[in-house]
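Residue numbers (this note's numbering), protein chains in the order written: chain V, 5 to 399; chain X, 5 to 399.
Do not rely on the hints blindly, as some may be mistaken.
Because identical chains share one entry, a pair is satisfied inside a single copy or across any pair of copies.
In silico SDA-like cross-links for lysine to any residue, where the CA-CA straight-line distance does not exceed 25 angstroms [stated by the list, open to error]:
1. 209 x 65
2. 209 x 67
3. 140 x 262
4. 209 x 62
5. 209 x 68
6. 209 x 69
7. 209 x 64
Rather than coming from a laboratory, the hints here were simulated on the basis of the structure.
Each chain, letter by letter, is given below.
There are 2 protein chains.
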Amino acid sequence: MNAVDTSLEAPAIADWRNYPVSAGLATLRPSAERLDAVWSDGRVSPFHHQWLRDNCPCSRCVYSVTREQLLEIVDVAEDLHPQRTRIDDQGHLLIDWQDGHHSRYHPGWLRAHAYDDASRAERHAQRPQSRLWNAKLNEQLPLFDYQAVMEDERALLDWLLAVRDIGLTQVRGVPTAPGSLQAIAQRISFIRESNFGVLFNVQSKADADSNAYTAFNLPLHSDLPTRELQPGLQFLHCLVNDAVGGESIFVDGFSIAEALRQEAPEDFRTLCEMPVEFRNKDRHSDYRCLAPIIALDAYGAVSEIRIANFLRGPFDVAAQQMPLLYRAYRHFQALTRDPRFRVIRRLDAGQLWCFDNRRTLHARNAFDPASGARHFQGCYVDRDELLSRIHVLQR
Amino acid sequence: MNAVDTSLEAPAIADWRNYPVSAGLATLRPSAERLDAVWSDGRVSPFHHQWLRDNCPCSRCVYSVTREQLLEIVDVAEDLHPQRTRIDDQGHLLIDWQDGHHSRYHPGWLRAHAYDDASRAERHAQRPQSRLWNAKLNEQLPLFDYQAVMEDERALLDWLLAVRDIGLTQVRGVPTAPGSLQAIAQRISFIRESNFGVLFNVQSKADADSNAYTAFNLPLHSDLPTRELQPGLQFLHCLVNDAVGGESIFVDGFSIAEALRQEAPEDFRTLCEMPVEFRNKDRHSDYRCLAPIIALDAYGAVSEIRIANFLRGPFDVAAQQMPLLYRAYRHFQALTRDPRFRVIRRLDAGQLWCFDNRRTLHARNAFDPASGARHFQGCYVDRDELLSRIHVLQR
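Hey, can you work out the whole structure from these sequences and the hints?
Shown next as C-alpha cells:
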C-alpha cells in the first residue's frame, strides 16, 4: 500500500508544497545506523534509519486525508535497519525494512529535508530577515491601498511581507464607518480578543482603565506587555482626527536594541536577562507578566521588545543588580527618544497603521480633546496568523 | 500634591491590593546611592534613590484614575538624591528630593516591594506551586459542580485554583445543549479563537483537517503546539457519548518530564534544548512552530510541554545530534504510555474536562462511529485570563 504520487514533479505528501528536484539521488552508501545519500551535485546527506522510518509517507504511516502521521516511532524497533535500499527508475529512494515494511521517498522531498550541514545552512539562509529602519523611513513609508489589498491576492501578499519584514505599514483609502477595520484585519485571519474588546476605541474618556484612553502623551511602548504573548500585529484606524496634537510616533525596537548592543553591551545584556513585571488592573481584570525587555532567538538575534513604562511594576532584582537595571533601562528609554530613530506622522481619517507590536514601538503626542473630535479604532492579530496567511498566499 | 491615602491600612496606590503593616519602619540609614530601611523586626531593606524616585506614588507621578505611571525615570537626574528623609508619625517614609519633589511611601507597600534577599525569598516561596500527579489521581479526581461554579464565587475560585495547580478537573451537571460550554468558559474570560473556531466540534468527519476529527486513537498530546503560545486551558464538553470506545486519557506532562530528568538527564536536556517543528495545514491555513518539547522557567522548573506526534515535522538537527534526539523522543513517548502516569475515564453527557493544555497531555482511545453518536465540543482560554480571574477573585 503506497499512496505516493509517482510523478517526479508532485510532492511526496500532499502538503501544498512543491519539491522540485534540483539534484537527483546518485548513489547510496549504507552504514550501521544510517544511509548516506550522494546527490548528483556531489552533496552527501546522512539519513538515520530512525529518521527514514519515522518519515515514511505511505498511507499506513500517514493518514492521507489529514496528512498527519499515524505511526509513532516508539512502536518501531530502536535498531531497525533496511534489508534492501535502492533508487528506482523514477529517482525515488526505496527501502525494504527488516520488519517487512516498505518505504518510498521522493527525491525532492528528501533533499528539502536533508540535515547535512550544507542543507541546513541553505535553509537557514532562506529564512525571512527583518529589515532594520530608522528616521529615514519617514521618506519611504511603506504605503498600501485599501481596495487593492481587499481585492487582489498579490497586493495582499506584498502588504503582509512588508508587515513581516519592516514591521510598519500604512494603508490608505479605508472606509471611515466604525467597525470598518474588521474586514481588512480579517483579510489575514480572525482578530485576537482582549479585555479591551475585539475592536477597541481609542478615545479620551473620564473613566479610563489605561492611559491609552486619556489625552496624555504616551511614551514609546508595545501593547499588552502584560500578556505572556504580546499581540503580534496592531491595527490603528483613524475614523476622525480633528483634534490638535496626537501625532503617531514609531521607532524600530530592533534597531534600538542593536544600537544599545553596539553602544553598551552590558546594558544590552541586562535588558536581555533581568525580568521586569508589567501589569494592568481594573475592576474586572488583573494581568501581570514578568519577562525581560529584550528577547533573543536561538541565534542571538533580537526577536522581541516588551516595554511600556506606564504598565511597568517596581523593579524586583537583587540589590546589587538594581543600579545596573536602572542604567540599562534609562539608556533604552533615552534611545527611544533619539530623533535618529523616530518616524512621526499624523494619521488622517481613512488611514490606518498596521505594525509589528512586538518590534515597532509606538507612541502618541498629547492631544487637546477640546480642539476637535479624535476617534481611532484598533485591534490585534497574532503573528502565527500573519505567517500562516503568507504561507498560504505563497503556495 | 499627594494623592496618597493617609490611613495606615489603605494601600499607597489604589491597586486593589492591601498592604498590611507586618513590620514598621524603625530607622533609616542613608548612603551615597541608596537608603537602607531598618524594620521593626530587624530586617534591613536597601532602596536605591532611583528606585524610590521611580516609585513615587504622588498624583504628579501616577495618574490616579488609571493608577498608571506618568513619570519616566529618564527625566530625573541619574544622581538624584534626597535632601531630607524621615519617618512621619503615621509610619510613612517621607523624602524631600534635591530637585524639590516630595515623595511619601506607605510602609506596607514598601515592605511588600522590598528587594533585600530575605524579602525576595519570601515572595518567591509564596508563588503558586504545581502539584504533580500520576495514575493515583484516578481515585481522587478533582470534581466540581456546574451550578456551584456558575453561581458562587468561592466555588469558582476553588475550581480555578485546581485548574492552576493540578491542571486536570472535571465539571458535572453541565447542560447538554450545543453551545452550553460558552457560559462556563466565560466565567473565566473570553474564549481564545483558533482556525477551528470559537467552539470546536469534536466529531468524526470525512473531510477531517486534523486527526482529532477522525475516529482514530490519538496519542498523548497538547493542542495547537503549532502556535507560538499553546492555548492555556482546554475545555472538552460531552453532549452525547453513545459510541463504543473513545475513553479520555490524561497524563501530567510535568510528572513525566521530571521522571525523565531522574531516569535519563541527558534525554531530558535534549528535549529542553533541541527544537522540534509542529505544523498543521489545510486549504486555508499553514501553521508552523519550532520549539523544544520541554520548556523550563527561570528557576529550572518544567513550565511547559509541547508535543503532538501527528503534528510533528521531520526532525531537523545536526546529523551527529539526530540519534540523541530520537533516543530522547522515544523515551518521552514511552513514558506517556506508562500506566503509572495514566488517568483513564469515559466522559458522559453533561460532563466536561477543563485542563492545563500546556501541562496535562490528553489522548483518546479509538471509537466506533457506527456504534452510536459521539459529540464533544471544545474551546480554549489562555493562562493569562485564568490568572487574572484568580487575582480578581482573591482581592
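Hint check results:
| no. | hint | result |
| --- | --- | --- |
| 1 | 209 x 65 | between (59 angstroms within a copy, 20 angstroms between copies) |
| 2 | 209 x 67 | between (55 angstroms within a copy, 13 angstroms between copies) |
| 3 | 140 x 262 | within (17 angstroms within a copy, 52 angstroms between copies) |
| 4 | 209 x 62 | between (61 angstroms within a copy, 22 angstroms between copies) |
| 5 | 209 x 68 | between (55 angstroms within a copy, 14 angstroms between copies) |
| 6 | 209 x 69 | between (52 angstroms within a copy, 10 angstroms between copies) |
| 7 | 209 x 64 | between (61 angstroms within a copy, 19 angstroms between copies) |
The structure fails none of the hints (numbered hints given earlier).
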